[in-house]
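Student: Chain by chain, the residues:
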Amino acid sequence: MILLDLLIGFLRVGLFSFGGAYGAIPLIRDVVLEYGWLTDEQLSTMIAISESTPGPIMVNIATYVGSSQAGILGAAVATLAVITPAFVIVLLIMNILKNALKNEYVKAVLDGLKPCIIGIVLATGSYMVLENIVKKTESIVLDWKSLILSVVIVAIMIVYKMLTKKKISPILLIVIGAVCGVIVF
Amino acid sequence: MPLLPDLFLTFFKIGLFTFGGGLAMIPFIENLCVEKKKWISHEEMMDITVIAESTPGPIAINCATYVGNKKAGILGALISTLGMVLPSFVIILVISTILDRYLEITWVAKAFMGIKIVVGILITNAGLTMLKKMKKKPLGIAFMLVSLVLMLAVNIFSINFSSVALIIITAILSLIIYAVRGRKGGAR
Chain A
8 MILLDLLIGF
18 LRVGLFSFGG
28 AYGAIPLIRD
38 VVLEYGWLTD
48 EQLSTMIAIS
58 ESTPGPIMVN
68 IATYVGSSQA
78 GILGAAVATL
88 AVITPAFVIV
98 LLIMNILKNA
108 LKNEYVKAVL
118 DGLKPCIIGI
128 VLATGSYMVL
138 ENIVKKTESI
148 VLDWKSLILS
158 VVIVAIMIVY
168 KMLTKKKISP
178 ILLIVIGAVC
188 GVIVF
Chain B
1451 MPLLPDLFLT
1461 FFKIGLFTFG
1471 GGLAMIPFIE
1481 NLCVEKKKWI
1491 SHEEMMDITV
1501 IAESTPGPIA
1511 INCATYVGNK
1521 KAGILGALIS
1531 TLGMVLPSFV
1541 IILVISTILD
1551 RYLEITWVAK
1561 AFMGIKIVVG
1571 ILITNAGLTM
1581 LKKMKKKPLG
1591 IAFMLVSLVL
1601 MLAVNIFSIN
1611 FSSVALIIIT
1621 AILSLIIYAV
1631 RGRKGGAR
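Chains as they are written, first to last, in this note's numbering: chain A, 8 to 192; chain B, 1451 to 1638.
Check each hint, because a few of them may be wrong.
Coverage of chain A stretches by chain B, computed from C-beta distances (three or more under 8 Å per stretch; other residues unrestricted) [to be verified]: (1) 21-33; (2) 43-57; (3) 61-70; (4) 86-98; (5) 118-131; (6) 152-159; (7) 182-190.
Keep in mind that the hints were calculated from the coordinates and are not lab data.
For every residue, glycine included, the Cβ atom is placed at its ideal position computed from N, Cα and C.
Could you put together the complete structure from these sequences and hints?
Tutor: See the structure below:
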């Protein structure tokens, strides 16, 4: 049963995740929270690990969730499920539906989906930031340490970009976050 | 080297050395598959990028499937894709068996509390980067804002509504709006 859940859950992620890795995170979050496979804390940990290890983030998270739920077989099922839609769709486009992406109706749908995905990614990201800063227990409490750390991280990103004209690498930022975490908490 | 093992090893290498995934690996794929191996042309690489951005799933998988199929049919696609996935599969499998033990150590747990803050910011930043590149048409901006507000509300008030439902509704709406505009004869 768990294998079937993994299959359906990660097929869903693979089939609806437009816009690359970060476009997929809201969908992954939906699935892992719905089935109770990961908490928000564990998901953040996995996103950080996926950023710091090679390979596609979707594949990394699928492998981890599959493995933690049902061992190596679970890992194989979840990983194959997340890549199968992309595999099949590319083969279809190359061999049968050669003009699918030029079709005006397909274009209209993709034009509508892109902004929708951006909205979903922004909502997920800002909710995760908010969740760190504002703790909802009996009353609403501000977590000052997290707030200050968030401001520091954003400041580092902005200053780095101003000085080097390049975006700071996510891995470097994760390392900085880890060091700050050990010091502050 | 025969083609099939070469495809496997090349994509294994790409899978092993590209961090962060997604569009970050396109230059790496271009260097290996276009310049070194001459498996595909620059135009085809552009084609891959368009396909990767317009189809669901990991971008790396789209690329591996495309190149493999181009060079050696479905078997080539299968072998390239498996080569691409295998390194992260093995690495994460190893990590998953030891991670829980490490998370029990106090300072590791603290480090991940810091990392959690970075991850939220990284996702928001990815969204902002996508927003900057978005074509600013009124309909698109409306879709973006409605999705943003709706999904924030869903998260904050724990409403039972998945983003897949929103994606399907948006796809249907886009089709209807396009069809209606077309019938009126209005140019898009």
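Student: Please go over all the hints and tell whether each is borne out by the structure.
Tutor: A quick look at each hint next to the structure:
Look at the stretch 21-33 of chain A against chain B: 13 of its residues bring a Cβ nearer than 8 Å to a Cβ of that chain, three or more, so the hint holds. With a cut-off of 8 Å between beta carbons, the stretch 43-57 of chain A has 7 residues touching chain B; three or more are needed, and the interface restraint holds. Taking a C-beta to C-beta cut-off of 8 Å, the stretch 61-70 of chain A contributes 8 residues in contact with chain B, enough for the three needed, and the coverage statement holds. Remark: the stretch 86-98 of chain A is confirmed as covered by chain B, as 9 of its residues place a Cβ nearer than 8 Å to a Cβ of that chain, reaching the required three.
Counting residues of the stretch 118-131 of chain A whose beta-carbon sits less than 8 Å from any beta-carbon of chain B gives 14, enough to reach three: the coverage restraint holds. Chain B is given as covering the stretch 152-159 of chain A, and this holds because 3 residues of the stretch bring a CB closer than 8 Å to a CB of that chain, at least three being needed. Residues of the stretch 182-190 of chain A lying with their CB closer than 8 Å to a CB of chain B number 7, which satisfies the three-residue condition for coverage.
Violated hints: none; the structure is consistent with every hint.
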